[in-house]
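Student: Read top to bottom, the protein sequences are chains Y and R.
Letter by letter, the first sequence follows residues 47 to 125 in our numbering.
Letter by letter, the second sequence follows residues 670 to 815 in our numbering.
Simulated from the structure, these hints should not be mistaken for lab results.
Incorrect hints may have been included.
To be verified - Restraint ranges, calculated between C-beta atoms of paired labels, are given here:
1. R/767 x Y/80: 55 to 61 Å
2. Y/68 x R/720: 21 to 27 Å
3. Y/64 x R/713: 41 to 47 Å
4. Y/94 x R/713: 22 to 28 Å
5. R/675 x Y/73: 32 to 38 Å
6. Y/84 x R/720: 28 to 34 Å
7. Y/82 x R/701: 41 to 47 Å
8. R/691 x Y/74: 29 to 35 Å
9. R/806 x Y/67: 37 to 43 Å
10. Y/84 x R/755: 42 to 48 Å
To be verified - Dumping the calculated DSSO-like pairs for lysine-lysine here, alpha-carbon to alpha-carbon at most 30 Å:
11. R/790 x R/751
12. R/751 x Y/101
13. R/766 x R/689
14. R/751 x R/791
15. R/790 x Y/101
16. R/791 x Y/101
The C-beta atom is built at its ideal place from N, Cα and C for all residues, glycine as well.
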Amino acid sequence: MARVLLFGRLADQAGWREREVAAESLTALRASIANDDAGLAEALAGPGVQVAVDKALVRGEAALAGSTEVAFLPPMSGG
Amino acid sequence: MITLTEAPFEPGALLSDFCKGRDETGAVASFVGLARAEGGNASILELEAYPGFTENAIAAFAVEAAGRFGLQDWRIVHRVGKIAPGEAVVFVATASKHRRAAFEACDFLMDWLKSRAPFWKKEHGPDGARWIEPTAQDRTDAERWD
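Throw the hints in and build the complete structure from the sequences for me.
Tutor: Following this line, the structure appears as structure tokens:
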């Protein structure tokens, strides 16, 4: 199970901030979310959205082990 | 050291603490950013961070500043959660042997914080809430150091 975290406008759109999703890879995770909420999956793949796996930014595909944390980060506002 | 806090903080107390016990520091520069009311259009500023990730990113900015300017020490405190107009949002202090490094490092840290720090900022006003992204000016300010 991956612990999925949403921030900023993505959390507003989804109506949740944190959820456990069973997925072995980022691609599988996105497919699982799309199955549940296609609009959200589209937003997660949108321009400027970065992905962090266990608090490190990743590009493209990533394998997700047992207790991985996956965060979707919309464009950052700055402080 | 970087601290994120949901509670309001007193910048003067932070500055006094930061200045204590420094017999080899010639200069301390500091900056305090306050939440603006925007003429009544911003009743509350709400800042969201990614705990752990946000502190790491800001600490990396400070390590960069320390290397570039030869800082002896630095302190950053940043509010998260709901912030009322007039409250302090951010405190930055830098310590160095001479003043130029302290001034420049403080300026650099604020430019990077304003444009590159992992925060998500929402402004609540009379017409509802809106997410805020860095302004073109914030980006240009940060690019001065590239």
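Student: For a C-alpha distance cap of 30 Å, please report whether residue 790 of chain R and residue 101 of chain Y respect it.
Tutor: 20 Å, holds
Student: Within 29 to 35 Å: is that where the Cβ-Cβ distance between residue 691 of chain R and residue 74 of chain Y falls?
Tutor: Because 54 Å falls outside the window, the suggested range is violated.
Student: Just to be sure I understand the hint, the distance between the Cβ atoms of residue 94 of chain Y and residue 713 of chain R should be within 22 to 28 Å; is that true here?
Tutor: Given a distance of about 25 Å, which is inside 22 to 28 Å, the answer is holds.
Student: Holds or violated: the 41 to 47 Å window for the beta-carbon distance between residue 64 of chain Y and residue 713 of chain R?
Tutor: Taking Cβ atoms as reference, residue 64 of chain Y and residue 713 of chain R lie about 23 Å apart, which means the hint is violated.
Student: Need the status of pair residue 751 of chain R, residue 791 of chain R: alpha-carbon distance at most 30 Å?
Tutor: 9 Å, holds
Student: Could one say that the CB atoms of residue 767 of chain R and residue 80 of chain Y fall in the range 55 to 61 Å?
Tutor: 57 Å, holds
Student: Does the hinted range 42 to 48 Å hold for residue 84 of chain Y and residue 755 of chain R at CB?
Tutor: 43 Å, holds
Student: Within 32 to 38 Å or not, the Cβ separation of residue 675 of chain R and residue 73 of chain Y?
Tutor: 36 Å, holds
Student: Could you grab the alpha-carbon distance between residue 791 of chain R and residue 101 of chain Y and see if it respects the 30 Å cut-off?
Tutor: Cα-Cα ~23 Å, so holds.
Student: Given the hinted pair residue 751 of chain R and residue 101 of chain Y, is their alpha-carbon gap at most 30 Å?
Tutor: 24 Å, holds
Student: Should the hint that residue 68 of chain Y and residue 720 of chain R are 21 to 27 Å apart at their CB atoms be regarded as holding?
Tutor: Given a distance of about 24 Å, which is inside 21 to 27 Å, the answer is holds.
Student: Between residue 84 of chain Y and residue 720 of chain R, is the Cβ distance one that fits in 28 to 34 Å?
Tutor: About 30 Å separates the Cβ atoms of residue 84 of chain Y and residue 720 of chain R, which means 28 to 34 Å holds.
Going through the hint list in order, the structure does not satisfy hints 3 and 8.
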